[in-house]
Structure formats: structure tokens, C-alpha cells
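If you read the protein sequences in the order shown, they are chains A and B.
Numbered per my numbering, the first sequence spans residues 1 to 81.
Numbered per my numbering, the second sequence spans residues 1 to 234.
Calculated from the structure, these hints are not laboratory results.
Heads up, some of the hints might be wrong.
Mimicking BS3-like on lysine-lysine, the simulated pairs with C-alpha atoms at most 30 Å apart in a straight line are [said to hold, decoys possible]: (1) Lys116/B <-> Lys177/B; (2) Lys21/A <-> Lys177/B; (3) Lys47/A <-> Lys35/B; (4) Lys116/B <-> Lys21/A; (5) Lys21/A <-> Lys179/B; (6) Lys13/A <-> Lys42/A; (7) Lys35/B <-> Lys66/A; (8) Lys13/A <-> Lys179/B; (9) Lys116/B <-> Lys163/B; (10) Lys57/A <-> Lys13/A; (11) Lys163/B <-> Lys136/B; (12) Lys28/A <-> Lys179/B; (13) Lys28/A <-> Lys42/A; (14) Lys66/A <-> Lys37/B; (15) Lys13/A <-> Lys161/B.
Negatives, chain B to chain A, calculated, CB over 12 Å [said to hold, decoys possible]: (16) Asp19; (17) Asp38; (18) Lys116; (19) Gly135; (20) Asn216; (21) Asp218.
Partial selection, computed: residues in chain B whose CB lies under 10 Å from chain A [what the hints assert, rightly or not]: (22) Arg61; (23) Phe68; (24) Val104; (25) Arg107; (26) Glu109; (27) Asn110; (28) Tyr150; (29) Gly184.
Beta carbons: idealized from backbone N, C-alpha and C, even for Gly.
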Amino acid sequence: MTFTALINIMPLKELLDPQGKAVMGGLKNLGMGNVQDVRIGKHITLKIEAVDKESAKKIAEEACQKLLANPVMEYFEVSIE
Amino acid sequence: MKFGVVIFPGSNCDRDMMDALRHDLGQEVIPLWHKDKDIDSFRTEDCIVLPGGFSYGDYLRCGAIARFSPMMQSVIDFANKGGKVLGICNGFQILCESGLLPGVLLRNENRQFVCKNIHLISDNDTTLLTKDITGKVLRIPVAHGEGRYYADNETLDNLYKNKQILFHYCNEYGEQKGKINPNGSLRNIAGICNRRKNVFGMMPHPERATSIALGNTDGRLILQGLMQRAEVPA
Chain A
1 MTFTALINIM
11 PLKELLDPQG
21 KAVMGGLKNL
31 GMGNVQDVRI
41 GKHITLKIEA
51 VDKESAKKIA
61 EEACQKLLAN
71 PVMEYFEVSI
81 E
Chain B
1 MKFGVVIFPG
11 SNCDRDMMDA
21 LRHDLGQEVI
31 PLWHKDKDID
41 SFRTEDCIVL
51 PGGFSYGDYL
61 RCGAIARFSP
71 MMQSVIDFAN
81 KGGKVLGICN
91 GFQILCESGL
101 LPGVLLRNEN
111 RQFVCKNIHL
121 ISDNDTTLLT
131 KDITGKVLRI
141 PVAHGEGRYY
151 ADNETLDNLY
161 KNKQILFHYC
171 NEYGEQKGKI
181 NPNGSLRNIA
191 GICNRRKNVF
201 GMMPHPERAT
211 SIALGNTDGR
221 LILQGLMQRA
231 EVPA
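Can you build the whole structure from these sequences, using the hints too?
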């Protein structure tokens with residue numbers, strides 16, 4: 001079966017995110033003062049051939065650990081459809 | 001001894017590095033293509049350089065994809081055998097991504113690409129690269145958008161404890177005071193080495209400061225260190 005893995009990769013919470021900070025400034029300039037914080041990461045989708053949802057998730061997590069995310073600076077979340 | 005300079009798709013300081021090593025330092029240099037993996041002619045006294053640039057377009061993360069190229073597998077083996085490896089700028093990012101050096105290089109704190117001369121100083125008399133230039137203020141160009149060195153506190157403390165810091169950013173008098181840090185890197189770190197002291201990474205570009213014609217030869221002093229024989233503990 002073919003599954004789709006939806007992966008979110010975000011900068012670690014304790015890290016400064018200059019890109020998010022720049023966008024935050026932009027939103028403030030737009031008058032959207034309600035926005036308190038902006039963090040910017042990556043969204044990646046993978047099409048995965050696997051026997052079931054569980055093994056598709058394992059494959060996606062392995063891809064994250066080996067290449068897609070760097071644990072020194074990022075964390076990731078995987079969901080499978 | 002000889003040098004190898006790895007060329008990745010998107011490297012743009014490979015020619016500068018080869019020119020500096022050949023013509024300004026009189027060294028034998030062999031270009032190494034990223035798709036090849038034969039470096040059997042290199043012995044541990046030799047040095048492989050990962051040059052600056054934007055390998056694989058900096059896609060995903062700087063250095064993340066270069067790390068899996070065939071040549072990098074050979075370079076990692078070479079480093080693990082005690083061979084000398086120097087990574088400049090994008091090369092430093094690749095070394096961090098490949099796990100040969102700890103930590104990571106993040107987007108500059110001020111969000112700008114910095115391209116200017118900065119000052120560096122070393123107080124490390126335990127590495128080939130720095131032992132002959134400790135206490136000397138060097139003027140070297142930087143050119144990067146992602147050079148903010150980051151590692152957790154425990155890693156940083158270990159780097160200091162094991163004397164793995166190569167260079168700090170400083171002012172023209174060698175002091176770490178005022179606006180000296182071009183990218184927000186932790187503790188003003190500009191370059192580090194591994195614990196075994198045969199793998200070196202730095203953001204500034206010594207290869208851009210080796211020629212009298214270009215008005216600055218401070219970079220020679222750094223690259224000359226690599227021409228010495230390593231006394232690497234096995």
C-alpha cells in the first residue's frame with residue numbers, strides 16, 4: 001500500500017528563529033498586534049510504499065533521523081495518511 | 001605532503017582554495033570530485049579541504065546533502081584514520097552535519113548575509129592550525145548567511161575543556177569586546193576542531209587572504225599550519 005507521511009520539522013524551542021522574528025515584525029507592521037510569536041519550520045511529504053501504517057511511520061521517522069531533521073537544531077513530528 | 005580540494009555541485013571557493021595552496025603556498029593540490037570516492041593516494045599527513053560555497057544549493061540544510069555524497073564517505077573514513085581535514089564556511093557546515101565536528105551553524109542572528117573583513121584570535125597552542133599563531137590578531141574575510149555556531153552548554157564546555165576552540169572573533173586589538181561577532185555565534189566562536197585535533201572547521205576564509213596582490217596575507221599563516229606533520233594520538 002502507498003501511504004503519505006506528513007512531516008513537520010521545527011527549530012528547537014530554545015533556539016532563536018531569525019526568520020520567524022522577521023515575519024513577526026512584518027505582521028506587526030500590518031497592524032496584527034495580536035500575534036505573539038512566529039516560528040518557521042519545514043513541511044515535508046513523503047509517498048511511502050509499506051505493508052501497513054505502522055511500518056510507513058517507521059520509515060518516515062528513519063528518514064527524519066538520518067537526513068530530514070538535525071536533532072541539534074530541530075525536532076520533527078510525523079503523521080501518516 | 002599534498003592537499004585535496006573537494007568539489008561539490010555549488011562549491012564556489014574551490015578554485016580560490018586551489019589557487020591559494022598552489023601559487024601562494026607552493027603546495028601540490030589534487031581536485032576531488034564529489035561523485036568519486038578514490039582517495040587511496042592520500043596518507044594521513046596529507047590534508048583534504050572542503051571549500052566554501054553552497055553545496056547542493058544549501059537545500060534542506062546547509063551541508064546536509066553533501067554529507068551523503070560518495071566522496072564524503074571517503075573523507076569521513078580518512079578523518080577517522082587521523083588524516084587532516086579542513087572545512088571552510090560551507091565546508092565547516094558539512095563537517096558539522098557529518099558528525100565529524102559537534103554542533104551546528106544556524107542562520108545569522110541579524111538575518112543578513114555578512115561579507116566583510118573581521119578579526120580573529122587564537123589562544124590554542126594544542127592544534128597544528130593554531131599553535132604558531134596564538135595571540136596574533138588576524139584579519140580574515142567572512143562571507144556567509146548561516147554562521148552562527150550553536151551547541152548545547154555541555155558540548156560547549158567540553159570544547160573548552162578539551163581545547164577544541166580554534167578561533168574567537170575579536171576586535172583589531174584582540175579583545176572580545178564591542179560589536180565583533182558577525183553572526184551571533186555562541187561565545188564568539190569562529191572555528192573549532194575535533195577532540196583528536198585532525199578535523200578543523202572555521203567560518204572565515206583564509207584562502208581569500210593569501211596574496212600580496214590582494215592586500216592581505218594573514219590567511220597564509222593559518223593554512224601554513226596544515227603543512228606540518230600531525231602528531232595525532234592514535
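Verification of the supplied hints:
no. : hint                  : result
1   : Lys116/B <-> Lys177/B : holds, 18 Å
2   : Lys21/A <-> Lys177/B  : holds, 26 Å
3   : Lys47/A <-> Lys35/B   : holds, 27 Å
4   : Lys116/B <-> Lys21/A  : holds, 24 Å
5   : Lys21/A <-> Lys179/B  : holds, 21 Å
6   : Lys13/A <-> Lys42/A   : holds, 15 Å
7   : Lys35/B <-> Lys66/A   : holds, 20 Å
8   : Lys13/A <-> Lys179/B  : holds, 26 Å
9   : Lys116/B <-> Lys163/B : holds, 28 Å
10  : Lys57/A <-> Lys13/A   : holds, 24 Å
11  : Lys163/B <-> Lys136/B : holds, 17 Å
12  : Lys28/A <-> Lys179/B  : holds, 28 Å
13  : Lys28/A <-> Lys42/A   : holds, 23 Å
14  : Lys66/A <-> Lys37/B   : holds, 21 Å
15  : Lys13/A <-> Lys161/B  : holds, 27 Å
16  : Asp19                 : holds, 33 Å
17  : Asp38                 : holds, 25 Å
18  : Lys116                : holds, 19 Å
19  : Gly135                : holds, 31 Å
20  : Asn216                : holds, 30 Å
21  : Asp218                : holds, 30 Å
22  : Arg61                 : holds, 6 Å
23  : Phe68                 : holds, 7 Å
24  : Val104                : holds, 4 Å
25  : Arg107                : holds, 5 Å
26  : Glu109                : holds, 6 Å
27  : Asn110                : holds, 8 Å
28  : Tyr150                : holds, 7 Å
29  : Gly184                : holds, 8 Å
Consistency note: the structure conflicts with none of the earlier hints.
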